[in-house]
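Make the full structure from the sequences, and use the hints.
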Amino acid sequence: MKIISVFVLLLSVYAFPQSEKMKWGKSNYTYSIESMEFGRDYSINFENSVNAVAKSFINAYWFLISDLDGDNCPFYPSCSAFFVDAVEETNIVTGTLMFFDRFTRDASVIGRQNRYPKHKSGRLYDPANLYCPGSAAYIPPLIVIDKE
Amino acid sequence: MIRIFLFVIISINFSYSQNFHSPENKKLFADYLFCSEDYLRAVIEYEEYIKHYKNDTVLFKIAFGYSKIENFKQAAELFKKICMQSDFYYRARSEYLKSLLLAENFESFTSIDTKEASITELKLINIAYLFSELKLPDKNTFLLTFSDSEKNEMLKFYEQKKEPPYKSSFLAGLLSSVVPGAGKIYTNQISEGLTSLVLNGLFAFLSYNNFKNDHTTRGWIFAGVGAFFYAGNIYGSAVSANIYNQRVDYEYKENVKLFLETHNYFIERYEFCK
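Residue numbers (the numbering used here), protein chains in the order written: chain U, 1 to 148; chain R, 1 to 274.
Honestly, the hints are just simulated from the structure, not real lab data. Just so we're clear, the structure is a prediction, and the values are computed from it rather than from any experiment. Check each hint, because a few of them may be wrong.
[Claimed, not checked] Derived lysine-lysine pairs resembling BS3-like cross-links, with alpha carbons at most 30 Å apart:
id: 1; chain 1: R; residue 1: LYS81; chain 2: R; residue 2: LYS274
id: 2; chain 1: R; residue 1: LYS68; chain 2: U; residue 2: LYS120
id: 3; chain 1: R; residue 1: LYS253; chain 2: U; residue 2: LYS120
id: 4; chain 1: R; residue 1: LYS274; chain 2: R; residue 2: LYS253
id: 5; chain 1: R; residue 1: LYS135; chain 2: U; residue 2: LYS147
id: 6; chain 1: U; residue 1: LYS118; chain 2: R; residue 2: LYS253
id: 7; chain 1: R; residue 1: LYS151; chain 2: R; residue 2: LYS115
id: 8; chain 1: R; residue 1: LYS81; chain 2: R; residue 2: LYS26
id: 9; chain 1: R; residue 1: LYS253; chain 2: R; residue 2: LYS161
id: 10; chain 1: R; residue 1: LYS274; chain 2: R; residue 2: LYS80
id: 11; chain 1: U; residue 1: LYS147; chain 2: R; residue 2: LYS68
id: 12; chain 1: U; residue 1: LYS147; chain 2: R; residue 2: LYS80
id: 13; chain 1: R; residue 1: LYS115; chain 2: U; residue 2: LYS118
id: 14; chain 1: R; residue 1: LYS151; chain 2: R; residue 2: LYS167
id: 15; chain 1: R; residue 1: LYS68; chain 2: U; residue 2: LYS118
id: 16; chain 1: R; residue 1: LYS212; chain 2: R; residue 2: LYS68
id: 17; chain 1: R; residue 1: LYS80; chain 2: R; residue 2: LYS51
id: 18; chain 1: R; residue 1: LYS73; chain 2: U; residue 2: LYS147
id: 19; chain 1: U; residue 1: LYS120; chain 2: R; residue 2: LYS161
Below is the structure:
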């Protein structure tokens with residue numbers, strides 16, 4: 001009986017040994033901060049020529065200025081992405097007005113942390129659809145939005 | 001070794017002799033889960049029990065459990081099934097109305113016969129007017145069912161429902177067209193209103209100053225950007241009034257819900273787990 005018990009115990013030890021590779025294997029550790037940036041959509045929809053022109057300007061801004069300058073907008077989506085969404089959801093005139101209104105909100109720094117819900121990226125959630133004519137909506141602050 | 005072997009065999013035999021899955025044991029387990037506020041699993045166990053025995057208390061607990069896990073539609077259906085002969089009949093009626101309220105099924109309130117309704121039911125029917133688009137009754141009729149301690153609060157809710165403190169989007173836009181940012185201040189967005197005033201003032205000054213000094217091109221650029229800020233602010237102020245009104249509705253509903261939860265929807269608290 002003792003022999004059997006010892007055999008079973010030893011079997012379990014040898015069946016699952018810790019390999020040297022697991023113990024001393026090289027780990028690919030990185031100290032870089034995970035990027036909070038969401039992928040930019042550079043595609044242009046040519047069906048609507050006005051929107052295509054607006055998107056071309058935004059693409060140029062992203063490529064030449066924004067990507068080099070860094071991801072600094074406190075809002076999600078960023079002001080440029082807000083403009084793209086606003087133009088797509090309404091039209092170029094309303095979208096432009098919505099963009100300038102957003103720009104004013106962006107410049108208004110006092111107490112804004114308590115006025116907007118938070119996006120999971122840590123930024124203030126302020127999408128274009130909340131300001132579209134006829135579908136303006138209120139989202140209470142201090143909640144975390146978990147969608148992209 | 002033999003002793004251990006025997007102990008194991010006897011333990012297994014003993015455990016097999018106990019039927020842990022008998023309806024009675026399921027009910028005991030469900031009671032334990034119910035009192036531990038694990039309503040989801042309690043409901044599952046009670047539903048197994050009720051397949052074998054009819055029991056109004058268990059049916060009530062299942063409905064109550066569904067209400068607790070926010071399946072209000074199912075809860076309302078089950079509360080409705082509790083018959084008149086049951087001790088839980090009147091409680092179930094009140095809970096049924098509470099479930100309808102929480103499920104936002106306000107249309108069902110219109111078909112309820114108020115002649116046989118208890119005070120609690122009448123209160124809940126009146127509360128439905130506060131949440132729905134149904135036409136509000138007369139103020140005195142509305143307040144009649146509520147106790148003196150509840151009347152003040154209910155009067156506030158009634159008046160806010162009748163005349164919500166909405167802001168006019170037209171007025172907000174108009175104010176912003178006269179003084180940039182004034183519309184935003186009108187809709188309580190004071191910080192944004194002041195920012196808009198500063199931005200518009202800044203661009204107006206830059207434009208004026210450049211024109212004055214014969215820098216026409218720069219003058220037009222600043223005037224153009226300023227005009228966009230000006231128009232954007234008018235649009236933003238009008239939308240801001242809409243958002244403000246939605247906020248008023250949201251906060252109103254939250255306040256009524258908080259009041260109801262504080263008063264347990266005017267329903268007596270149950271002592272199932274002493």
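Now the hints, each set against the structure:
| no. | hint | result |
| --- | --- | --- |
| 1 | R/LYS81 / R/LYS274 | holds, 26 Å |
| 2 | R/LYS68 / U/LYS120 | holds, 29 Å |
| 3 | R/LYS253 / U/LYS120 | holds, 27 Å |
| 4 | R/LYS274 / R/LYS253 | violated, 34 Å |
| 5 | R/LYS135 / U/LYS147 | violated, 38 Å |
| 6 | U/LYS118 / R/LYS253 | holds, 22 Å |
| 7 | R/LYS151 / R/LYS115 | holds, 22 Å |
| 8 | R/LYS81 / R/LYS26 | holds, 22 Å |
| 9 | R/LYS253 / R/LYS161 | holds, 10 Å |
| 10 | R/LYS274 / R/LYS80 | holds, 26 Å |
| 11 | U/LYS147 / R/LYS68 | holds, 28 Å |
| 12 | U/LYS147 / R/LYS80 | violated, 39 Å |
| 13 | R/LYS115 / U/LYS118 | violated, 49 Å |
| 14 | R/LYS151 / R/LYS167 | holds, 27 Å |
| 15 | R/LYS68 / U/LYS118 | holds, 29 Å |
| 16 | R/LYS212 / R/LYS68 | violated, 71 Å |
| 17 | R/LYS80 / R/LYS51 | holds, 18 Å |
| 18 | R/LYS73 / U/LYS147 | holds, 28 Å |
| 19 | U/LYS120 / R/LYS161 | violated, 35 Å |
In summary, the structure is inconsistent with hints 4, 5, 12, 13, 16, 19 from the numbered list given earlier, while agreeing with the others.
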